Structures are given as C-alpha cells and as structure tokens.
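Respectively, the protein sequence lines represent chains A and B. If you're matching positions, the first sequence starts at 173 in this note's numbering and goes up one per residue. If you're matching positions, the second sequence starts at 6 in this note's numbering and goes up one per residue.
No wet-lab data here; the hints were simulated from the structure. Heads up, a few of these hints could be off.
List time: in silico EDC-like cross-link candidates among lysine to aspartate or glutamate, alpha-carbon distance up to 16 angstroms [unchecked claim]:
no.: 1; chain 1: B; residue 1: LYS171; chain 2: A; residue 2: GLU202
no.: 2; chain 1: B; residue 1: LYS137; chain 2: B; residue 2: ASP192
no.: 3; chain 1: B; residue 1: LYS174; chain 2: A; residue 2: GLU202
no.: 4; chain 1: A; residue 1: LYS444; chain 2: B; residue 2: GLU336
no.: 5; chain 1: B; residue 1: LYS333; chain 2: A; residue 2: GLU502
no.: 6; chain 1: B; residue 1: LYS174; chain 2: A; residue 2: GLU199
no.: 7; chain 1: A; residue 1: LYS534; chain 2: B; residue 2: ASP253
no.: 8; chain 1: B; residue 1: LYS175; chain 2: A; residue 2: GLU207
no.: 9; chain 1: B; residue 1: LYS287; chain 2: A; residue 2: GLU502
no.: 10; chain 1: B; residue 1: LYS174; chain 2: A; residue 2: ASP512
no.: 11; chain 1: A; residue 1: LYS433; chain 2: B; residue 2: ASP124
no.: 12; chain 1: B; residue 1: LYS171; chain 2: A; residue 2: GLU199
no.: 13; chain 1: B; residue 1: LYS175; chain 2: A; residue 2: ASP512
no.: 14; chain 1: B; residue 1: LYS174; chain 2: A; residue 2: GLU198
no.: 15; chain 1: A; residue 1: LYS363; chain 2: B; residue 2: GLU310
no.: 16; chain 1: B; residue 1: LYS171; chain 2: A; residue 2: GLU198
no.: 17; chain 1: A; residue 1: LYS444; chain 2: B; residue 2: GLU332
no.: 18; chain 1: B; residue 1: LYS123; chain 2: A; residue 2: GLU436
no.: 19; chain 1: B; residue 1: LYS110; chain 2: B; residue 2: ASP149
no.: 20; chain 1: A; residue 1: LYS444; chain 2: B; residue 2: ASP334
no.: 21; chain 1: B; residue 1: LYS333; chain 2: A; residue 2: GLU445
no.: 22; chain 1: B; residue 1: LYS175; chain 2: A; residue 2: GLU202
no.: 23; chain 1: A; residue 1: LYS363; chain 2: B; residue 2: ASP311
no.: 24; chain 1: B; residue 1: LYS333; chain 2: A; residue 2: GLU436
no.: 25; chain 1: B; residue 1: LYS174; chain 2: A; residue 2: GLU207
If you want the ones that stay clear, here's a sample from chain A, every Cβ over 10 angstroms from chain B, calculated [what the hints assert, rightly or not]:
no.: 26; residue: ASP179
no.: 27; residue: ALA181
no.: 28; residue: LYS182
no.: 29; residue: VAL186
no.: 30; residue: TRP230
no.: 31; residue: PHE263
no.: 32; residue: SER335
no.: 33; residue: PHE359
no.: 34; residue: ASN362
no.: 35; residue: MET402
no.: 36; residue: ALA455
Predicted model, so just to flag it, every value in this text is computed and none were measured. Where a beta carbon is used, it is the ideal one built from N, C-alpha and C, also for glycine.
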Amino acid sequence: MDFELSDEAKEAIVKAKEFARKHFTEEVAERSDREEQFPTDIVAISKREKILDFSNPWKVLVTIEELVRRDPGLGISVTISAFGSEIFMLFGNDSQKEKYMNPVFAGQKTLGLGVTEPGGGSDVANIKTEAKQDGDSYILNGGKMFISNGQIADYFLVLARTSPPPSPEKKHRGLSVFVVDAKSPGFAVNKLHGKLGVRATNTAELIFNNVRVPKENLVGEEGKGFYYIMTFFNISRIYVAAQGLGIAHGALDRLVEYSKKYGEMSETGELKENLQLAIAEIATRVEAARNLTYKAASYLFKFTPNPVVTSMSKYYAADTAVFSTRRAMELMSLHGLTTDLERFFRDAKILDIWEGTTEVEKLIITRMMLKEEGA
Amino acid sequence: MEEEYEILESTVKDFNAKYVDNNSLKLENEAMGKEFVKMLADQGFFSMAGQGEDGKGADIKALSVVLENLAKSAPAVAVKTLMINSFSSVVNEKGIVDSVSNGSKSGTVTFSDLLVGKDQNGSLRVEGGRIKGEKEFVFGSDSDFVITLLDSGELVLIKSGFSAGKRHKKLGFRSIGFSSITVDSADFSIISKDGRKMLERMYEELSIPVAAIALGMSEGVSQKALDYAKVRTAFGHYLKDFQPLAFDIASLVAEMDILKRYFHDLLAATPSEKEALFLKHKALTLAKDISRTSLQIHGGYGYLEDFGIEKFYRDAMALSVLLHNEEKDMEKLAGLVFDARAGFV
Ligand SMILES: Cc1cc2nc3c(=O)[nH]c(=O)nc-3n(C[C@H](O)[C@H](O)[C@H](O)COP(=O)(O)OP(=O)(O)OC[C@H]3O[C@@H](n4cnc5c(N)ncnc54)[C@H](O)[C@@H]3O)c2cc1C
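Turn these sequences into a full structure, and let the hints guide you.
See below:
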C-alpha cells in the first residue's frame, strides 16, 4: 500500500494551483456567480494550456480537486467540458471516437450528457424520451432536465427509450445512448436560471422535437444504454468525489486562515478549543474522504472498478463538503458570510444531488455489498 | 394560544396570502419597495416592541407570533420587521419612532460589535462634535437611521450623514442592505453611555424573536417538502413512502413541533435567559437541518430558486450568522448552566 501520489500527479497539482491563482480571481469568481455566467475565456485558456491531461486519470482527479478548492463554480466549469466522454471511450466505435471524443479531449469541442428528465433523475430506467427508428435514422422526442453544459455543448450523449420494457420490473432494458448534434433541427435549449450554487456552470433543459439522428450516432448496442450510463456513473462519481474534496478542503483552508487572523485566544495564549476541535474534525473528514476517493480511483484506474467504494467516496465526500462549509460558516461568523466561503457553502449542496443523490449512493452501497456477499 | 394571538396569527396569514406568498422570491431578492413596507407598517407589525413606559406595544409574544408567521413565507420580511422593532425599542425620539413605525423611514441596529472580535469591525470616533469613521458589517445599511457603538463605548443613534459602502456578499435576506457604512455626521444622539452593555441586552432580547423566525422558516420549508413528497414519485412510489426521506423529515418535523410547543410555553411565562438562549440555539440548528433535508427531498428542483426552497437554505445559515454567534452564546449558556464562568479556554 502506497499513499504517495506519483510525481506526475504532484506536478499536476502545482500546475492547477498556479492556473487557479492566476485566473480564478475573486472578481471573476464573484461575477460569474452573480451573473450566472459561464467563464468562457478561462475555459478557453485552460484548454489551450491543457490543464486537464486526459492521458492520465490521476492527473485529472487531482486537478479537479485543486481547481475546485480555489473556486467550485469556476473549477467545475473548467473541468466539465468532456462530461460523458468515457462513454465513447468504453462503448463508442472508432469513428465516433475520432469524430466526437477526440475533439473534446483536444479542447476543441464541448460535450454534455442528457439522462435526467423533468419526471425524475434517480429513477433512470423510467425516462420517457423516445427514439424511434425511421429508415437510416432515429427520431428523438422528449425532454431532458438540469443538463450541465446545456447551452454550450456541441454534442450531447442522450439516453432514450428505443423499445418498450419487457416487463415493469425490467424497465432498464430497451434504453439506448445516442450522440445528438446541438445544431440538429428540432433540438432546443432553455437555460435554467436561479441556481443556489455552481452558478458559473451552465445548466439547461433540452427539448427534442422530432430530432432526426443518423443511425451511426447510436453508441454501442441498441438496448444497452442503461448499462452504459451506470458504468459511466461509476467512473464520474469519483470525479464528483474530487469536487467534494476540493470544496471541503477549500472550506478548511479558509477556516485555518481565519483562525490565524481572527481566531480568539484563550487566557493560555492558545486558540480557543472549540475552534481547534472544529478544525481537527473537518481536517479528519477531508483526509478520510480523500482516502476513500483515492482508493476508489485506484481500483478504477487499474480497470477493476469497485462500485461500493466508488459510491462510498461520492456520498462521503459530498457530505464532507456540506458539513465543512456549514461548520466553517458557523465559526467564521460575519467573516465567512462576507467572503467567498458563502459561495462554497451554496456550491457544496449540489454534490448531494447530482450524479446520484446521497440516498441513491447509500442504496447502491448496500445493494452491491449484499450482492457481493450473496455471490 | 390565547384568542388575541390567534387573531394576530390569522391576520398575518391573510397578509401572507394576499401580499407575500406570490411575491416571496422578489421580496427576498430585491429591495422591498416603499409600498410594501408601508403595508407592513399599516398592519402594525412595525410597532410591536416599543419600550414605552406605559408598556405600549411591549409585547414580545405578539411580535414573535408575527415573525414566526411572516417567516413561513418570506424570512426576509420577518427579519426586516424584527430589525425595525428592535430599533424602535431603544429610541426615545418620538418623531423618529413614528416615522419608522409608519414605514416612511427605516432604522437598524448594528450588532456586529458583538458578533466579531474587537478591531474587526471598523472604527467610529467623535471628533469636534462629529462622528467620523467606518463601521463594517452593517445589516440594514440601506436604512435612514443607524444605531451603533462608538469606539468610546457609547451607543448612538445616527440620523444622517452616513452612506453605505460596497455591498457585502449576501447569502440570505438579499433585499436588505448589508455593507459597511462611512460616517461623517453631527446629526446624532447618545442612547447610552454604557453602550456595549445596552447592546448586549438588546442582543439577548433577540433570542426569542430570532427563534420565532427560525421556527417559522422551519415550518414554511418543511411544509413544502411534505407537500412535494406526497406528489412526486420515483421508482413507482411517492417520495413519502421511502423510509430515508420519510424518517428524516418526520423526525425533524416532530422536533419542530416539540420546539414550537416549548416556544409557546416560554412565551406564556417569562423565559429565563438560559431558556431563551437554548431555544434560539435549537431553533437555528433545526432551521438549518430542516432546510437541508427539504432541499434534498426536492432533488434538482430544490436547487433552483423557482421552487422557493433554496432561499430557506441560504436564509437559515444567514440568520444564524447575522443575528447570532454560536461561540458567544455557548459561552454564555455554559456560564448559566455552571453558574460560574465556564467554557472560555
Ligand atoms: C445543477 C445541476 C446540474 C445537473 N447536471 C446534470 C447533467 O449534466 N446530466 C444529467 O443527466 N443530469 C444532471 N443533473 C440532474 C441530477 O443528476 C438529478 O437532479 C439527480 O439525479 C436527482 O434527480 P431528481 O432531481 O429528479 O430528483 P428525484 O429523483 O425526484 O429525487 C428526489 C428525492 O428523492 C430521493 N429518492 C429517490 N428515490 C429514492 C429511493 N428509492 N429511496 C430514498 N430516496 C429516494 C432522492 O434522493 C431525492 O432526495 C443536474 C442537476 C443539477 C441540479
């Protein structure tokens, strides 16, 4: 067992830190948050400077963590351009990889993933968007809700029903994944306004009104879409856990800084113990969340994913982010309320929701554990 | 609840239904507007905690009933109402109190001197008969009158000659000004020479009203969660049928009901400082917990302002910072429980 990151990963942290220091100024972060404005310029620079090196997933993981630690909204905006690309990597054919995945990895194009619908996000198998075959194409009808990069993506990977489920219990069958070009006739986007946090990220509702998609845009096999999406979530949740680490660590940074500057001293000349213990608790949780996340990543990056540990890491890192920002806010009082910590507090809550709510993660943990024990 | 308070409660409920419920997001995010403030004043909501010797309006119970019910729909309106009442409770100048009570002017009290350490809050001094300097963290900085502490320890009412600085970030209550103020004013009067002591007393008196707001928020946000869980389905079940959601919200709502009962019991008697502090502490913690759970029950929709949930999540935290300080309150509580100085190392 080795708890050391590779030198390459350590260099990625330094690079991310420097990038964030230079570009994630408070002014930009505050404006993006206030105006709900995607930071197009910074994302373009990050692509030019190849801040995300997709050839090494450890580098991607620690880069997310480090950028988010500086500012969650900007950090996530910069690292979400390729959201969904692992689906191409694992299940796409060569031509799809060439046409869609490579330009995304090269920073020329942006991808989005449309799974959630207005009627529900947790119950993925119950989606209503339909894709009906029509000659050499499929015709898509339906809608997707809360889609990140909704307004800015060039393509979307979209989950749709291609055949009725064989029985109500087997709803996860008959779903397929398609690549949809954002310029397709019949495709429309509504930006969603008024998010609690991560307001620099772009979120939209997608509408498919007889959108014709060529047959070659079917990813993998027809009917296996549910499996593809679940496999993808088992990867992406580790990156969401990294977002949680970034937010929690960011809150800890700010609390430590506060305690040095403003922390009340007791008569013994030490920081008062309530504050000391709170720092210790947050720091311990961050470390525990990091160990879980890196363990899940270690399994995944060796191609032996462990969904139990993955879901544990996502749930625990999300909870740690929410916990840490709340405790830091309570302790820093008006100093927290009037600094960027209040943004961290609002941003953190998304982690309980996206890519599997905390409840859903917990259910996965137990169900997979019981399944493993049964086997 | 006694009949007069029941009547008051239904007055606020009617007011909410007519003017607040459909407008609550706007009242939270944008300045409230003179017309709306005037309506609040016309209801008598701004003249409930007068300090008059005749006891006029000095009814903490009535104020609390109003705050609790306003907070169910629009926490910012409740907080604004509390601020005005708190202001009026220590001002002796009838003209000013009248103008604030009738909604034509507004006033605020700066509690930040008690919430952050010394020297972290700017400095106001009297030089040649004028107050000069800057004060940080003034909640209600868009008011016409400000009560604040001077470096010399006097509590003063500044009637003009101050201006709000750059707005601080605003987690909650976005319709209420929050910034530093720059003062250069000869137009002031001294409220108390022993200002810190008086401010501390005023802060103590906030315990029950702040608890009322926190409880109202808990009621408002949990009701939304209960309603949503009855109609939203996942995996073929109503959300209310899932144990994790049902148990979480049920235990929090039960806790809220117990706290409400305790709150009304306290109001019927004269609460001790310990009881009031403890109630405030519990009510604020509950408001934070229950707004998190209610948001979670709403999934992605909870994260968007349209559903009116996320504002409670923000406001619950903002309330527990703007009008409360956990550490200071706990030190006080520990002292009361031990009946000796405690919890300070
Ligand atoms: C800013 C933002 C960005 C997003 N980006 C994307 C994106 O890019 N692509 C995409 O496809 N989706 C995206 N989402 C959607 C997100 O993944 C969903 O919101 C999430 O999966 C929850 O779905 P829901 O909102 O429909 O909640 P619901 O599924 O309706 O769940 C509501 C509540 O019920 C609980 N619940 C559901 N089932 C159970 C059960 N069996 N037991 C116990 N509790 C249960 C949930 O945990 C939750 O608390 C985004 C959401 C947001 C807010």
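Minimum Cβ-Cβ distance from ALA455/A to chain B exceeds 10 angstroms: 19 angstroms, holds
Is LYS444/A within 16 angstroms of ASP334/B, Cα to Cα? Status holds; Cα separation ~15 angstroms.
Straight-line Cα separation of LYS363/A and GLU310/B no greater than 16 angstroms? 14 angstroms, holds
Hint consistency between LYS444/A and GLU336/B [alpha-carbon to alpha-carbon, up to 16 angstroms]: 11 angstroms, holds
If you draw a straight line from the CA of LYS287/B to the CA of GLU502/A, is it 16 angstroms or shorter? 14 angstroms, holds
Given the proposed pairing of LYS174/B with GLU207/A, does the C-alpha separation stay at or below 16 angstroms? 13 angstroms, holds
Need the status of pair LYS174/B, GLU202/A: alpha-carbon distance at most 16 angstroms? It holds: about 9 angstroms lies between the C-alpha atoms, which stays within 16 angstroms.
For the pair we were handed, LYS171/B and GLU202/A, check the Cα-Cα distance against 16 angstroms. At roughly 14 angstroms apart (the allowed maximum being 16 angstroms), GLU202/A and LYS171/B satisfy the hint.
Agreement of LYS175/B and GLU202/A with the hint, judged by alpha carbon distance not exceeding 16 angstroms: 11 angstroms, holds
Least C-beta distance from PHE359/A to chain B larger than 10 angstroms: Holds: least Cβ distance 21 angstroms, greater than 10 angstroms.
Check whether the Cα positions of LYS174/B and ASP512/A lie no farther apart than 16 angstroms. 8 angstroms, holds
Given the proposed pairing of LYS433/A with ASP124/B, does the C-alpha separation stay at or below 16 angstroms? Measuring from Cα to Cα gives roughly 12 angstroms; hence the hint holds.
Violated hints for the displayed structure: none, as all numbered hints are satisfied.
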